[in-house]
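Based on the sequences and whatever the hints tell you, model everything.
Residue numbers (the working numbering), protein chains in the order written: chain A, 1 to 109; chain B, 110 to 225.
It should be emphasised that the hints constitute simulated quantities derived from the structure, not laboratory data. You may find that some hints are simply not true.
[Stated by the list, open to error] Listed next, the in silico DMTMM-like pairs over lysine to aspartate or glutamate satisfying Cα-Cα at most 25 Å (straight line):
1) K96(A) with E162(B)
2) K122(B) with E218(B)
3) K96(A) with E163(B)
4) K1(A) with E163(B)
5) K42(A) with E162(B)
6) K42(A) with E184(B)
7) K42(A) with E218(B)
8) K1(A) with E213(B)
9) K68(A) with E3(A)
10) K122(B) with E191(B)
11) K68(A) with E56(A)
12) K122(B) with D193(B)
13) K96(A) with E161(B)
14) K96(A) with E3(A)
15) K96(A) with E56(A)
16) K96(A) with E184(B)
17) K42(A) with D67(A)
18) K96(A) with D67(A)
19) K42(A) with E15(A)
20) K42(A) with E213(B)
21) K42(A) with D193(B)
22) K122(B) with E162(B)
23) K1(A) with D193(B)
24) K96(A) with D27(A)
25) K42(A) with D194(B)
26) K1(A) with D67(A)
27) K68(A) with E15(A)
28) K96(A) with E213(B)
29) K96(A) with E218(B)
30) K96(A) with D194(B)
31) K1(A) with D194(B)
32) K122(B) with D194(B)
33) K42(A) with D84(A)
34) K96(A) with D193(B)
35) K68(A) with E213(B)
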Amino acid sequence: KQEVTQIPAALSVPEGENLVLNCSFTDSAIYNLQWFRQDPGKGLTSLLLIQSSQREQTSGRLNASLDKSSGRSTLYIAASQPGDSATYLCAVRFQKLVFGTGTRLLVSP
Amino acid sequence: ETGVTQSPTHLIKTRGQQVTLRCSSQSGHNTVSWYQQALGQGPQFIFQYYREEENGRGNFPPRFSGLQFPNYSSELNVNALELDDSALYLCASSLGGLAGNTGELFFGEGSRLTVL
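This is how it looks when you write it as structure tokens:
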């Protein structure tokens with residue numbers, strides 16, 4: 001069964017810290033992996049898309065890496081801000097798209 | 110460029126009723142997919158439409174059905190509503206092809222369905 005797991009489920013940090021969110025998946029035969037942000041009760045905002053042939057993508061303070069052989073991706077957030085507080089979801093495209101359950105991030109001022 | 114829009118934003122139905130949710134895809138996108146997100150969970154894939162044809166389906170019963178129109182907008186229909194159908198329903202659009210949908214997904218704000 002193709003599954004996606006995100007650890008930790010919740011994370012609380014003070015403003016300014018650098019942090020890493022983890023995503024693992026059970027099958028290395030993927031097309032791509034996409035990281036999203038979701039604010040409470042809202043839709044998903046795309047952060048980064050990594051195709052299966054790529055190793056990482058960067059956008060501003062965000063950097064996502066992909067290691068297909070070990071079934072892992074990480075989302076690195078530099079210099080965290082209170083506005084980064086949200087749930088971060090990892091979605092892996094196997095034959096269909098499978099989401100993790102997310103990491104709830106709280107950044108305190 | 111117009112983003113993905115969904116309607117209605119909130120609705121309340123009773124068990125056994127039917128509901129139709131609507132989605133307008135982002136300009137230039139030809140693929141629409143639908144997801145169900147229960148509280149505290151990640152979204153679950155319902156199905157996907159490419160150029161008006163369903164070309165992928167998750168583990169949802171046949172009472173979940175859909176349509177995609179020539180302008181690539183889409184509907185999700187749910188018949189015989191059950192209490193467990195209460196969830197946030199999300200629509201996403203992307204630029205896909207026959208070989209599969211590997212493009213970046215863009216989501217709408219969702220339709221919050223409550224079944225009483």
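Hint check:
1. K96(A) with E162(B): The given pair, whose Cα atoms are some 16 Å apart, holds under the 25 Å limit.
2. K122(B) with E218(B): Holds, at about 20 Å.
3. K96(A) with E163(B): 13 Å, holds
4. K1(A) with E163(B): OK: K1(A) and E163(B) at ~23 Å, within 25 Å.
5. K42(A) with E162(B): 28 Å, violated
6. K42(A) with E184(B): 19 Å, holds
7. K42(A) with E218(B): 5 Å, holds
8. K1(A) with E213(B): 24 Å, holds
9. K68(A) with E3(A): 14 Å, holds
10. K122(B) with E191(B): Within the cut-off at roughly 10 Å; holds.
11. K68(A) with E56(A): The hint holds at about 11 Å.
12. K122(B) with D193(B): 12 Å, holds
13. K96(A) with E161(B): 18 Å, holds
14. K96(A) with E3(A): It holds: about 11 Å lies between the C-alpha atoms, which stays within 25 Å.
15. K96(A) with E56(A): 22 Å, holds
16. K96(A) with E184(B): Holds, at roughly 20 Å.
17. K42(A) with D67(A): 30 Å, violated
18. K96(A) with D67(A): Judged against 25 Å, a Cα distance of about 19 Å means the pair holds.
19. K42(A) with E15(A): 23 Å, holds
20. K42(A) with E213(B): 19 Å, holds
21. K42(A) with D193(B): Distance of about 20 Å is within 25 Å: holds.
22. K122(B) with E162(B): 28 Å, violated
23. K1(A) with D193(B): 23 Å, holds
24. K96(A) with D27(A): The hint holds at about 12 Å.
25. K42(A) with D194(B): Distance of about 18 Å is within 25 Å: holds.
26. K1(A) with D67(A): 19 Å, holds
27. K68(A) with E15(A): Distance ~32 Å between K68(A) and E15(A) Cα, so the pair is violated.
28. K96(A) with E213(B): 14 Å, holds
29. K96(A) with E218(B): Holds, at roughly 21 Å.
30. K96(A) with D194(B): 21 Å, holds
31. K1(A) with D194(B): Status holds; Cα separation ~24 Å.
32. K122(B) with D194(B): Holds - the C-alpha atoms of D194(B) and K122(B) are around 10 Å apart, at most 25 Å.
33. K42(A) with D84(A): Satisfied, since the Cα-Cα distance of roughly 15 Å is no more than 25 Å.
34. K96(A) with D193(B): 23 Å, holds
35. K68(A) with E213(B): With Cα atoms ~18 Å apart, K68(A) and E213(B) stay inside 25 Å; holds.
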